[in-house]
Structure formats: C-alpha cells, structure tokens
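**Student:** Going down the list, the sequences are from chains A and B. Position in the first sequence (from 1) plus 29 gives the number in my numbering. Position in the second sequence (from 1) plus 29 gives the number in my numbering.
FYI, nobody ran anything at the bench for these hints, they're computed from the structure. Any given hint could be a false lead.
Because identical chains share one entry, a pair is satisfied inside a single copy or across any pair of copies.
Claimed, not checked - Simulated pairs of lysine to aspartate or glutamate, EDC-like, Cα-Cα distance not exceeding 20 Å: (1) K81 / D372; (2) K114 / D155; (3) K226 / D115; (4) K150 / E248; (5) K150 / E70; (6) K448 / D238; (7) K478 / E457; (8) K81 / E70; (9) K273 / E388; (10) K478 / E498; (11) K64 / E403.
Only a predicted model underlies this, so the values are computations on that prediction, with no experimental measurement involved.
2 protein chains.
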Amino acid sequence: SFAKLLELKAQLGGDEGKHQFTLKTAKGTRDYNPKQMAIREKVFNTIIGCFKRHGAETIDTPVFELKETLTGKYGEDSKLIYDLKDQGGELLSLRYDLTVPFARYLAMNKISNIKRYHIAKVYRRDNPAMTRGRYREFYQCDFDIAGQYDPMIPDAECLKIVHEILSELELGDFRIKVNDRRILDGMFAVCGVPDDKFRTICSTVDKLDKMSWEDVRSEMVKEKGLSEEAADQIGQYVSMQGGKDLAERLLQDAKMSQSKQACAGLTDMKLLFSYLELFQVTDKVVFDLSLARGLDYYTGVIYEAILTQNGPAPEAGEKGEEGVSVGSVAGGGRYDGLVGMFDPKGRKVPCVGVSIGIERVFSILEQKAEASAEKVRTTETQVMVASAQKNLLEERLKLTAELWNAGIKAEVMYKKNPKLLSQLQHCEDSGIPLVAILGEQELKDGVVKLRDVHSREEADVLRAELVEEIKKRIADV
Amino acid sequence: SFAKLLELKAQLGGDEGKHQFTLKTAKGTRDYNPKQMAIREKVFNTIIGCFKRHGAETIDTPVFELKETLTGKYGEDSKLIYDLKDQGGELLSLRYDLTVPFARYLAMNKISNIKRYHIAKVYRRDNPAMTRGRYREFYQCDFDIAGQYDPMIPDAECLKIVHEILSELELGDFRIKVNDRRILDGMFAVCGVPDDKFRTICSTVDKLDKMSWEDVRSEMVKEKGLSEEAADQIGQYVSMQGGKDLAERLLQDAKMSQSKQACAGLTDMKLLFSYLELFQVTDKVVFDLSLARGLDYYTGVIYEAILTQNGPAPEAGEKGEEGVSVGSVAGGGRYDGLVGMFDPKGRKVPCVGVSIGIERVFSILEQKAEASAEKVRTTETQVMVASAQKNLLEERLKLTAELWNAGIKAEVMYKKNPKLLSQLQHCEDSGIPLVAILGEQELKDGVVKLRDVHSREEADVLRAELVEEIKKRIADV
Numbered sequence: 030s031f032a033k034l035l036e037l038k039a040q041l042g043g044d045e046g047k048h049q050f051t052l053k054t055a056k057g058t059r060d061y062n063p064k065q066m067a068i069r070e071k072v073f074n075t076i077i078g079c080f081k082r083h084g085a086e087t088i089d090t091p092v093f094e095l096k097e098t099l100t101g102k103y104g105e106d107s108k109l110i111y112d113l114k115d116q117g118g119e120l121l122s123l124r125y126d127l128t129v130p131f132a133r134y135l136a137m138n139k140i141s142n143i144k145r146y147h148i149a150k151v152y153r154r155d156n157p158a159m160t161r162g163r164y165r166e167f168y169q170c171d172f173d174i175a176g177q178y179d180p181m182i183p184d185a186e187c188l189k190i191v192h193e194i195l196s197e198l199e200l201g202d203f204r205i206k207v208n209d210r211r212i213l214d215g216m217f218a219v220c221g222v223p224d225d226k227f228r229t230i231c232s233t234v235d236k237l238d239k240m241s242w243e244d245v246r247s248e249m250v251k252e253k254g255l256s257e258e259a260a261d262q263i264g265q266y267v268s269m270q271g272g273k274d275l276a277e278r279l280l281q282d283a284k285m286s287q288s289k290q291a292c293a294g295l296t297d298m299k300l301l302f303s304y305l306e307l308f309q310v311t312d313k314v315v316f317d318l319s320l321a322r323g324l325d326y327y328t329g330v331i332y333e334a335i336l337t338q339n340g341p342a343p344e345a346g347e348k349g350e351e352g353v354s355v356g357s358v359a360g361g362g363r364y365d366g367l368v369g370m371f372d373p374k375g376r377k378v379p380c381v382g383v384s385i386g387i388e389r390v391f392s393i394l395e396q397k398a399e400a401s402a403e404k405v406r407t408t409e410t411q412v413m414v415a416s417a418q419k420n421l422l423e424e425r426l427k428l429t430a431e432l433w434n435a436g437i438k439a440e441v442m443y444k445k446n447p448k449l450l451s452q453l454q455h456c457e458d459s460g461i462p463l464v465a466i467l468g469e470q471e472l473k474d475g476v477v478k479l480r481d482v483h484s485r486e487e488a489d490v491l492r493a494e495l496v497e498e499i500k501k502r503i504a505d506v
Numbered sequence: 030s031f032a033k034l035l036e037l038k039a040q041l042g043g044d045e046g047k048h049q050f051t052l053k054t055a056k057g058t059r060d061y062n063p064k065q066m067a068i069r070e071k072v073f074n075t076i077i078g079c080f081k082r083h084g085a086e087t088i089d090t091p092v093f094e095l096k097e098t099l100t101g102k103y104g105e106d107s108k109l110i111y112d113l114k115d116q117g118g119e120l121l122s123l124r125y126d127l128t129v130p131f132a133r134y135l136a137m138n139k140i141s142n143i144k145r146y147h148i149a150k151v152y153r154r155d156n157p158a159m160t161r162g163r164y165r166e167f168y169q170c171d172f173d174i175a176g177q178y179d180p181m182i183p184d185a186e187c188l189k190i191v192h193e194i195l196s197e198l199e200l201g202d203f204r205i206k207v208n209d210r211r212i213l214d215g216m217f218a219v220c221g222v223p224d225d226k227f228r229t230i231c232s233t234v235d236k237l238d239k240m241s242w243e244d245v246r247s248e249m250v251k252e253k254g255l256s257e258e259a260a261d262q263i264g265q266y267v268s269m270q271g272g273k274d275l276a277e278r279l280l281q282d283a284k285m286s287q288s289k290q291a292c293a294g295l296t297d298m299k300l301l302f303s304y305l306e307l308f309q310v311t312d313k314v315v316f317d318l319s320l321a322r323g324l325d326y327y328t329g330v331i332y333e334a335i336l337t338q339n340g341p342a343p344e345a346g347e348k349g350e351e352g353v354s355v356g357s358v359a360g361g362g363r364y365d366g367l368v369g370m371f372d373p374k375g376r377k378v379p380c381v382g383v384s385i386g387i388e389r390v391f392s393i394l395e396q397k398a399e400a401s402a403e404k405v406r407t408t409e410t411q412v413m414v415a416s417a418q419k420n421l422l423e424e425r426l427k428l429t430a431e432l433w434n435a436g437i438k439a440e441v442m443y444k445k446n447p448k449l450l451s452q453l454q455h456c457e458d459s460g461i462p463l464v465a466i467l468g469e470q471e472l473k474d475g476v477v478k479l480r481d482v483h484s485r486e487e488a489d490v491l492r493a494e495l496v497e498e499i500k501k502r503i504a505d506v
C-alpha cells in the first residue's frame, strides 16, 4: 500500500527523517485560498439571495449521522459512504447528501411543512476528477419544499429557482432536463422489464449521460439479464425529448397509455409545463425520457440542469451530445416516501427539492477570473494607516484603533518603522483605495494626510473629520 | 454493546419492526432549527464584520486531514480526535481545531505572511455538556496573523479583536486573562520543576479554572510526582493577577528574574500592555499567572476570555471565582513553531491567533431571544401574493414570478384555492409585512390591492407601479 511505501521511505531516512509526505490534503479534497473564497462568497450570496427571495428558512445538521440513518437510502451508491472508526459508542457516517438528514430532521421534529435551504459540505468516496470539479468533499446548496400541497406547484418553483440561479451566475447557456419516476417505471413495465429489475435498470439508464446507448444496452442485456427486445423498446423511448407536446403524445401512445403510473406522471408533466409557462422558464426546460437519476428515494418528478456552452444545442427529439462533455450543475426531484422511512408511525411528508452542485460553478468562475484583467480583491480594507517618518508606531496604532472603533476597515503595518514605499506597495497589491498618512507636522497641525492610491492625490483632513471624509470617499467609489 | 441491544430490541419486534431508535442525531451533536440559524447568522455577521474591519482574508480547509497531520500537536487531548474508518487508502481524522490545518496550509503553500480568518466546525470526542454549550461538533471562529513582525503588535491586535467582538455581541461583562508560556516555563524552572515535567505540570495548572488549588496541588504532587516544596512555590505565583505593574514587579522578583525565559516573557508582557493602552482595552485585560492553556503548540503569549456576568468581578490580586461558573468564550496565543513542524526544511513562520468559541455565545443569545417579547423572523419575505376569490392560482403565480424577477422577496401559497384568512394568518405568523391581493375586479382594473399586515390598511396600486411601491414601503419600515 501507499502508506507502507511512505513508512519505508521514512525509515530509509533522507531529509533528517522529516515527514515531507504529510504535506498534502486528503485525496479528493482541497483547500480554498483567499481568492477562491472571494469567488465562493459571491456565488453563495447569489444562491442564498435567490433562496431568500423565495421565502426559504435555513437549517443545519451535523456533518455525521448515525450509520443506520443513511443505510438503504442511496441504492448502489451506498458503497461511497465514509464511515467513522468505531472508537466506542455509536457507529457514525459522514453525510452523503443533505436530503436524507433533512428527512431525518423533519421526522424527528414532527414537522409537516417547511420551505428550507441548507448549504453545507457532503462526502463521497468517489473517484475524484478535481480538474472537472469532482471532489470527495464538496458543497451542496439544497432548497426543498415539504408539505401536502396541490400537485406540481412546489415542483415548478424548484425549476424556477434553478433557472434564476443559473441565469444570475452567468455561466452561459443551460438546459434543464425533466422526467418523472412514474413515467420511467411505467415505461419499464410496458417494455417488459420484470418488477424486481426496475431499480437496477433505472441505474443503467442513468448512465446515458456518460455512456453511449450501445454500451447502456449492452449493460442491460449482458450484465443485468434483460431481454434484447425489452432493451430495444426502452431504447426507443429514452431517445425522446420535447415539451408539453411530448407528454400529450405519450398519453396517446398505445403502449405507454396502458400504464396507470405512466399516465399519472404524464398528466402531471403537462400540468408542470403549464406552470413553467407562467413562470416564463420553458425556454430552458426539456422533457427528456432518458433522465433517470441514480438515487433510490425519488418518487415523482426528477430533473437535472446541465451547462451547454461547450457543446452544440441538440435538436428537438434528438439525443444531444451535451451530457457527455458538460457536467450536471443541479439536480433534484420529488421524494414523497423518504420522511416516512424515519417516522415511527410511517407518517408521510411529501417533499420536492433541488440541489445546486456548485463545485463545477466555482471552477468555471475561477477560470473566468483568471482570464479577466480585473483583480479579485480578497480583503475589504478601506484605508491603510501609514507614516513617512520613524518612531510613529504608537501614533499609527492609536489612529487605527480610532478608525476601527468608528467602523472603518483599516490596516496598519506590524513594524516599528516601515518604509512609506512598502506601505503604499501593500495598498497597490491588495487594492486598498485610501492611505491615511501621519507625520510630525500633521500631528502638530491636528490633521491627517489622506491619499487616494489610484489618483495619488493627497489632501490634509482635520483629524476630527477623518472618519466622515473616509466614509464619503468610499461611498463615491 | 448498545448496537447489539438495539438489534435484539428490533428482533423482539414491537412497532412493526420499525427502527424508532434511529431518530436522533449523533451523541454530542445537534441540528440548528430556523430560529437558531437566524441567531447564528447574526452572530457570524458580527464576527466576520470585525475580522474584515481588521483587513483579514479568509480560507477554508477540508473537514478531515491525514491522521499524521494531527499527530503530536495536541498533547493529552489527542485521545479526543475522531478517526475515520480505514476503508482502503489514506488514514484520516476529523479536524480537532482550525490552527493545525492552518499551519499545514501555510507550509504546503510556502506562505510566509497572511492575516486570515476561518469559521468552520471542529470535532472532539469529549464528554458533551450540551446545556452548557459543550458539543462534540462545534464552530470555531479563528483569526490568525502569520509573519515575522516586530514584537507584540499582532498579539495586541488579537486581543483588541476579542474585545471588539465580545463588546458588540452584548453578552455582559467579560475579562481577558493573559499570560505567556515563557513566563510559565521560567516559573516552573525557578520553582524546581524538572524539565521533562514542564508540559504535564502545565496541563495540571490549566485545570485551575475548573478545580481548586488544593486539588491541583494534589494532582501535581501525588499523580505527577512533583515535590511539595515546588508545588507550594508554584502556588504562590499562580495566585497573582494584575497588569503592567505586575510584570514590572516580577521582573524585580528575586527568583523569577533568574530565568532568562521568564524575563523575556515579562518584558514582552509590558510591551503588550503599552499597546493595549493605545487600543484602549486594558479595562478588560488581566495578566494572570494561573492561565496555562492545554495545547502543546503555544510558545509565547496566551490568552483566554471569560464572561463574568454570573459571578462578581474579582479584586485585583485576588483569585476570582468566575472561572468556575462561567465558561471560556475565546482563547488563543502565539505558536511560532507549529508551521515549522510541517515545513520540509523546518522553515519557521511565527503565528499568533485567537479562536472565538461561539457555542456558548449561541446559548446565551438563544436564551435572551426566548425571554424577549420580540419575535425572531426566520425568513425575509416582503410580500405575500394572495387572492380572496377562487380560480386565481395562475394569476397569483404570474404575479409572484414578476415580483421574483424584480428582486422582491415574495411567497405564494401552493394551493389552488387557499382561504384569504389562512393566507393572512401565514403573514402574521412569519412576520411578512405586506400582502398583494388579486381579485377579478383588480385584474380588470389593472391594479393590485396592497395590504399592510400590521395596520391592516389597504390601497389599490397600479400593477405597473407595484414593484416600486413595495420597495418604497419596505425602505420605510
């Protein structure tokens, strides 16, 4: 193993036995430096702003849950859950998503309706692909609506939210694929998939965004033992894309219309599109029968948003290539049974939600920032307290404290006698717009020399008026 | 084991085999509900505001680190570290604090100076005391200054920050105890503590805030094998409290002045107090020789802030009782050797920092909010889009989308035909100040009835002017 190799290396000495190899973060994780944090803060503000605009509250849950809370919720993905070591006491696992902890929270607190968002890190022992924004520790931004309501209204709001957020983040064009688990299950039934194979065939269909139809067909037939005939019938359906019209057409489809489940899903799909028209977001939404989503807990509408800027937009009714080159940036759906799995009395709370996967968003915006000439500021400092002469440390500290106490964002160099040039250079480097310069003469005159870093203009300001003058200057920028 | 007991219980049936017992969070952890989150957001805004006012950048690190990154940094507390299960690959542990990851980050990225804050959760398998705000998962808010600077200037800024934050949070009176590891070590040396017992005796002294001097003395003598004479000499010193004057007196102390280390610490203590005077924070700062702090990595100044509202303020030079009843809410110090432990070349980066432990702050502010008549709002919704008549769902959705698109925070009920009363009730419950009411007549007239929830006044507003009118009303509140 790698650990043993390192141990060996350490024993062999070299570098005075210092453990150089420890100088890394865990596999699939990363630090955020101040520039990345500045971008992250902006993205979060946009997303939180949207969630608040829609009247959501927020909650938080612990980063680990009882292991059994997560058991049986994620289907084939369960193997990716991080467990904690048994150090005596409860068996614990790191959360895999925010949805299962949310359902646990609702059941535990007997909450039957809430609109909440939750932004936090989740953990998956997946194969990392960090250049493409796939990590083992990553943020999810979840918005969910729990409660018994009239059909498709909260569902439509979730899609509206995805539309708003992706538009505001200015990531280029995007598309939101929509489908329904009931339509998928009905389709599997009428195509002749045995009941006990629904979930596993669904998992295979879910791979259509990464694999060709031929490979998916082969997995169904060879690995999962589906008949070739059934696979080919599925193949015909999953190539279909459209809007309300497609839902209407499928309701008339000789085979599909035999499934009650499919009809219920298709009728709701029509209703969903009528609400999406009112919300004016149908331009980006496609009803796509190939969308499956891997997770076990969905029971109704499902959706997934992808950025399309890297590939050409697909023709209507044609399976586009965009899924191959561009990752999903949001996904979600309806899960009416999950809370009931936790409730002692099996009491159900219908839920629908969406999760924004922002790691890819961060990557894109980081690349944009790199390419742009505009500098990303990592502090908000408004003024640097400086001096041109020696022995003024105490005066600088006194003035800095005055500014802090007045709510001004101020910095001072931690040197007894810093050079004026190095103080000014720090302002240039970190984008501080103003310098308050103290000297013997200024102290005698009861003034401070206020310098504009950009224009290099200087003006004496009465010490008593300095705070107001700084506030005025900052407001003008 | 508990797990086996549960298994047995499950096998014995009852409640149709449903696992009721899973309905909890892991020991020592808790969820935050929307009200608690509203308070948490306010506290974070205060703290982040202060950190930004002092020109700090921010970073983030993963929640787990390589196990060996944490090894040997925490002394006797290492047993409290959470390990992850070995699922193949690296051995990982949950972070115990934010300081060690920060040092790892600096070494890994070869950063020799930075002023950064980091707000994140840390994990300790400690005995939880949740009613007193002691959890196994809890937030730390860290501010650190790394870099080679003139003595005690960054150290003084850290104390100024503690002073600002505790004042702004309005938690009642507080006190900041200050000491220096060099003074402690010098004191141990002149009192006759053997070199190899410094750290363990230091750990025992650290318990003076929870144990009486008699118990501490007994642990030193009986458990740690210190001579009674040495213990009694320590006892004399650790009862001393004061300010700059105490540092000056100890510099003249016949015994203490024999230690070079102690003298260096005492000289710096004098300098620190002179800067604290310039920052006008000496009213809350006490030089206290009993302050030790448990962590291994401190090398210079150490400090700890406690709230004193529950106990009487101690007289100068008298050991107060406040440490027993009131927990510490902030702590920190100088750790000049930690980064070097990670650097392949042992290159040192001097650091000083402070950590605000806000769980206790949350508890206090939650209790305050409970006691207060003022309701804590958990959403920021400005207007509810409602109707008094049936069959207006589509019109409500259309108007709501218009408001969202204009940046107004708006809610609409997810019902086809909600009662006006239940729509108004929701506004009362959640503090929404305005209702935009649609009816057949309003639609015909191209107006919306805008209702003030508090005053119950209603006025027709032209639909085209609705957004502006709402913005105006909100600004007036």
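**Student:** All hints are to be evaluated individually against the structure, with a verdict given for each.
**Tutor:** Hint by hint, here is what the structure shows:
1. When the C-alpha separation of K81 and D372 is checked against a cutoff of 20 Å, the pair qualifies neither within a copy, at 29 Å, nor between copies, at 44 Å.
2. Taking CA atoms no more than 20 Å apart as the test, K114 paired with D155 passes in both settings, with 19 Å inside one copy and 16 Å between copies.
3. Proximity of K226 to D115 under the C-alpha cut-off of 20 Å is found in neither arrangement, the shortest distances being 35 Å within a copy and 33 Å between copies.
4. Within a single copy, K150 and E248 get their C-alpha atoms no closer than 33 Å, and across copies no closer than 43 Å, so neither meets the 20 Å cut-off.
5. Taking CA atoms no more than 20 Å apart as the test, K150 paired with E70 passes in both settings, with 15 Å inside one copy and 18 Å between copies.
6. With identical chains, the CA atoms of K448 and D238 are never at most 20 Å apart, being 59 Å at best within one copy and 45 Å at best between copies.
7. For the homomeric pair K478 and E457, the shortest alpha-carbon distance inside one copy (18 Å) is at most 20 Å, but the shortest distance between copies (53 Å) is not.
8. Proximity of K81 to E70 under the C-alpha cut-off of 20 Å is found in both arrangements, the shortest distances being 16 Å within a copy and 13 Å between copies.
9. Taking the closest pair of Cα atoms, K273 and E388 never come within 20 Å of each other, the shortest separation being 32 Å inside a single copy and 51 Å across copies.
10. In this homomeric assembly, K478 and E498 come within 20 Å of each other (Cα to Cα) only inside a single copy, at 12 Å, whereas the closest approach across copies is 44 Å.
11. Taking CA atoms no more than 20 Å apart as the test, K64 paired with E403 passes inside one copy only; the shortest distance there is 12 Å, against 39 Å between copies.
The structure shown violates the earlier hints numbered 1, 3, 4, 6, 9.
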